[in-house]
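Two independent chains are provided; combine them into the complex using the hints.
Here the protein sequences line up with chains U and V, keeping their order.
Just so you know, we're using numbering that gives the first Met the number 0 here: the first sequence kicks off at 0 and counts up by one.
Just so you know, we're using numbering that gives the first Met the number 0 here: the second sequence kicks off at 0 and counts up by one.
Treat the hints as calculated values from the structure; they're not laboratory data.
Treat each hint with caution, since some may be false.
As the list claims (entries may be wrong) - If you want the ones that stay clear, here's a sample from chain V, every Cβ over 10 Å from chain U, calculated:
(1) 133
(2) 136
(3) 145
To be verified - Label-pair ranges, simulated between beta-carbon atoms:
(4) 127/V with 123/U: 55 to 63 Å
(5) 204/V with 192/U: 46 to 54 Å
(6) 322/U with 50/V: 28 to 36 Å
(7) 334/U with 29/V: 17 to 25 Å
(8) 325/U with 44/V: 22 to 30 Å
(9) 206/V with 70/U: 35 to 43 Å
(10) 1/V with 132/U: 28 to 36 Å
(11) 193/V with 325/U: 40 to 48 Å
(12) 68/U with 127/V: 39 to 47 Å
(13) 148/V with 64/U: 54 to 62 Å
(14) 19/U with 192/V: 39 to 47 Å
(15) 348/U with 192/V: 55 to 63 Å
(16) 192/V with 322/U: 39 to 47 Å
To be verified - Beyond 10 Å from chain V on every Cβ pair, some chain U residues (computed):
(17) 188
(18) 282
(19) 345
(20) 346
Just so you know, even glycine gets a beta-carbon here, dropped at the ideal spot from N, CA and C.
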Amino acid sequence: MLVLGIETSCDETGAAVVSSDGTVLSDVVESQVALHAEWGGVVPELASRDHLRNTGPVVREALAKAGLRLDQVDAIAVTCRPGLVGALLVGVQTAKGIAWGAGKPLVGVDHLVGHLVSVFLRREGETTQEGLGFPYVGLLVSGGHTALYRVEGPCADQIHELGATRDDAAGEAFDKVAKVLGLAYPGGPRIDRLASEGDPLRVKLVPPMARRGSLEFSFSGIKTEVARRVASGGVPQGDALCDLCASFQSAVTGVLAKKLFEAVERERMDRVVLGGGVSANRELRRRVEELGRQKGIATLVPSLASATDNAAMIAYAGIKRLERGEVDGGDLVATSETVLEQLTRKGRGRRGSSPHAFSVPRRTE
Amino acid sequence: MRIAALDTSTLLGSVALFDHEVLVAEDSRRVSNAHGEALLPMLQGLFARTGWSPRDIDRWAVGIGPGSFTGIRIGVATAQGIALATGAELVGVNSLETLAEGLEDTTVISLLSALRGEVFVSVRHEGAVVVPPSCWSLDELTARLEGFGPAVAVGEIARSVDWGGRHLHVELRTEPPHDLPRASNLGRLAFNRLASPWLEPLYVSAPHLTRPAAKVLVR
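This is chain V alone, in the form it adopts within the complex (with noise of 0.2 Å):
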């Protein structure tokens, strides 16, 4: 099975090719907002080099979130339509699990920036998940772990975290590919899961919405 990996839920713009569970070619960048206008260059990039072309793909693996909004939804979409167009199948992978892929640790916290002084966390304990995908601020995520044991955090916003203020014993992980979501670390994980006829991305919070206040058009 081909496999083509995708993740834009961050400021990491990062494509991989799969052939048997073999990392063929990859390709990350930080290309920071300007998803929509380098994903499919470094796509087409990737086939050139290994003269691949977009019906060989028998599955195409998606990071669909929790990250940015827009990111996730140039990646989906774009995947989306090119599985439209040649019938391949899709699978959409968590993040935050692609960020802690590859760790045999017993308590793996992934944390990517929601922005606003938030961060995106889930945890993994076990081999179980612990903390399911969440938002929090960063003084929440400090007091919801407090009492947890040693554990191993991903994700580079785990370097602005103050885990020493409720003496948390964290170690960093968060050298690549455990900075960000990575499509190598993501193609991995899409070998065994199930394909689905469309994807949802995982947005975990709410737009920001506010009701308008009765606005007064005439004083």
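Bound-form chain U, shown alone (with noise of 0.2 Å):
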């Protein structure tokens, strides 16, 4: 089976041919990241017009890569939640108007399922990564979404949060950290470059939710605490800022790759999977990989094309769906929310069985 993906929830305008056994025949992506630097963040109302425009020729560009015309492909697959709402509309929009014209089967896919399997994506060059195959943890980390999973199989209902982040994504932390410390957005990967030349214990930063028990994650405060170094002190410049990329780094992936394997020992697997933007961080891949041949867990990482946002892994999802016989509708809708479970309350305040677990957060600032 030949898929068609496209994908347009945030700040990339993607299109992908797949085949069933994940082998990607083409995967086109035209990225935003420059329309949105200049506002430091992704602007909704331009994300969308941006889509409009490159949503064609990128379909275009995908078939052509692939060397295949439009009926070659058995079907159409699209991101329909969760993200921008008025950018997965442009993407369900096209979608539905070239099934419809083609006569092909559409389905929606889930962009959190897309990144939960994607490293099962082989592009060219790439085999097949040793031990892959399910069940596995789950670790989901991007500029939207840090979550854990229990991933049984490849649909949305075999897929069940262990945990996620109570305020700001890993990546989101990433970006507005850099923010603080002058850096251009991204900043996720200029956070990287700087942490690899400075020493994460001469500035002192709490890794955030480190206690053992709960799967869950909190970045905003951490955030918040160099964000107050900064402002007491200023921007550190030249070994002390990269001292304080490094600290930060260190403290973040710490957190993630410890609850990581958390949830592995919880849940008793034996292989633990990446996924999201995140993903691409060095300093979390090696931790990641450090502690699966300490405790003998297998280790996936897609590669960075895989897991930064892309319609690949939406066309994977989708031949997943579409093998169990799912099909959609020319009434798909899109929508903010993911179709995942989600078992983590957002906000502050005291949860489990305190009295006050459901009480109105007091703001304290």
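Listed below in structure tokens is the structure:
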């Protein structure tokens, strides 16, 4: 089965052709990073306008690179959730038009499911990673999401959240800290580079929510801590900047890796899989691979092109829905919420059985 | 030539099919902001009724606004997807022009709601466009049109304008098909237009963007 995938949930317009075994025949990504850079983040209306301009050319290029005509493709898969609704709508409507015009089946795909199965993609020159299969504990870390899942299969009803961030996504914390430090957007790769030249022990930052027992995360506190340091001491320069980046990155990746393996222990799994843009972070990869080796757990990390937003993972997740006989109709809607069950309550305040568990959090600023 | 026309630039979802300038079928519904889920089922219904298939269409005529940014994009994206699959031509039509189609009056003021107390407006006088598509507040509208001779105003938002305040002699024509842009009017305009390989919406007003104030993370 050959499926054309379309992805427009945030700031990348993507189209790809993928076959049932995960072979990527083509994968085209048109990034809007430059468009949004001046605003310091993604501006939804600008993103939607740009997607509309790019979807047609990107889809044509994906077909051309795969050496296929549209009638040689078996179905169309499109990201329909979660994401910026206006941006998603452009992809969803384009996909519906293509599917109806060409008489092909259409499936909507949850973007998070795409990330969690992206490790199954095989690009040119790549071979299937050893030990790949279900089930596994998936760590999805990106600019929009940070969560741990028990992944029993490639479809949404086989994926169960174990814990997620209560506030900022890890990638969001990277971007915001970079902004405070005067680094350009997107900040993740820049912090990664500076951190590699710094000493993480010279600045003391407490790893957020690192205690055992909870698989939930919180990254807004450490971001504020960095901002507080900058507010009192100014933006550090030279080695001091590298040291602060190293300390911040070490705290964030340390917590991510630690909780990933706590989840593995709790769920009695023998493999972990990463997904999402932050899985490109070199320190996170190194920590996960190291812990995996120590504990005898297979660690599977998608290539950079598969980890960041792309349409190939959407096509692949779509194939898995189609193989179960699932299709969507012309009334497929775009929504901002994931279809995956969510356990983690967002926002501050106490959790658990305390009588205050559901009280409105007090503002203390 | 077979033409399929659609407009989703306002709360009205409207689709129509033409065979050699003859209107064959039309469906218009007030779908509010649910164009995404409504448009394709409406098209499928119309094609089922006529027994046509998407490949029978030579040209897709699409309302490109001004109007709801999201609504316009839904229509444009859908039509571009269909055209990509079938090889049909694309023609974009201004929704203010669609609204005034069929009227022979000397001066026609076309109006569509732009929300936030503003309107999209264009004015045609003796067949020529004298006010190109613009976005004005209601006060600005009556102030700028002061001195215009007797005119006809189309678009249901025209009923909410205080025309008397500035002694403007305006006759309202806000009944269908001049209430909101309808595909039956739009399709008629699309026969003699040049086709384009893609469609660019006529947004008219810039997106409402505000630069974030330097946010104080720490006090």
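Cross-check of the supplied hints:
No beta-carbon of chain U is positioned within 10 Å of the beta-carbon of residue 133/V; the least distance is around 19 Å. Taking the minimum C-beta to C-beta distance to chain U, about 20 Å, the non-interface status of residue 136/V holds against the 10 Å cut. Under the 10 Å C-beta cut-off, the non-interface status given to residue 145/V relative to chain U holds; the minimum distance is some 33 Å. For the pair residue 127/V and residue 123/U, the supplied restraint of 55 to 63 Å holds, since their beta-carbon distance comes to about 57 Å.
With their beta carbons about 41 Å apart, residue 204/V and residue 192/U fall outside the hinted range of 46 to 54 Å. As the Cβ distance of residue 322/U to residue 50/V is approximately 33 Å, the hint placing it in 28 to 36 Å holds. For the pair residue 334/U and residue 29/V, the beta carbons lie near 22 Å from each other, so the given range of 17 to 25 Å is met. Between residue 325/U and residue 44/V the CB atoms are about 24 Å apart, so this pair conforms to the stated range of 22 to 30 Å.
At about 38 Å, the beta-carbon gap between residue 206/V and residue 70/U stays in the expected band of 35 to 43 Å. In this structure the hint that residue 1/V and residue 132/U lie 28 to 36 Å apart at CB is violated, the actual value being about 51 Å. At roughly 42 Å, the beta carbons of residue 193/V and residue 325/U sit within the given window of 40 to 48 Å. For the pair residue 68/U and residue 127/V, the supplied restraint of 39 to 47 Å holds, since their beta-carbon distance comes to about 45 Å.
The supplied range of 54 to 62 Å is met by residue 148/V and residue 64/U, whose beta-carbon atoms lie about 59 Å from each other. Distance hint for residue 19/U and residue 192/V: a CB-CB separation of about 43 Å, consistent with the stated range 39 to 47 Å. Restraint check, residue 348/U to residue 192/V: a C-beta distance of roughly 59 Å satisfies the suggested window 55 to 63 Å. At roughly 44 Å, the beta carbons of residue 192/V and residue 322/U sit within the given window of 39 to 47 Å.
Look at residue 188/U: its CB is around 22 Å from the nearest CB on chain V, clear of 10 Å, so calling it non-interface holds up. Non-interface status of residue 282/U relative to chain V is upheld: no Cβ of that chain comes within 10 Å, the nearest being about 24 Å off. Distance check for residue 345/U against chain V: the nearest CB is about 19 Å away, which clears 10 Å, and the non-interface claim stands. The claim that residue 346/U is not at the interface with chain V holds, since no C-beta of that chain comes within 10 Å of its own (minimum 18 Å).
In the structure shown, a violation is registered for the earlier hints numbered 5 and 10, in ascending order.
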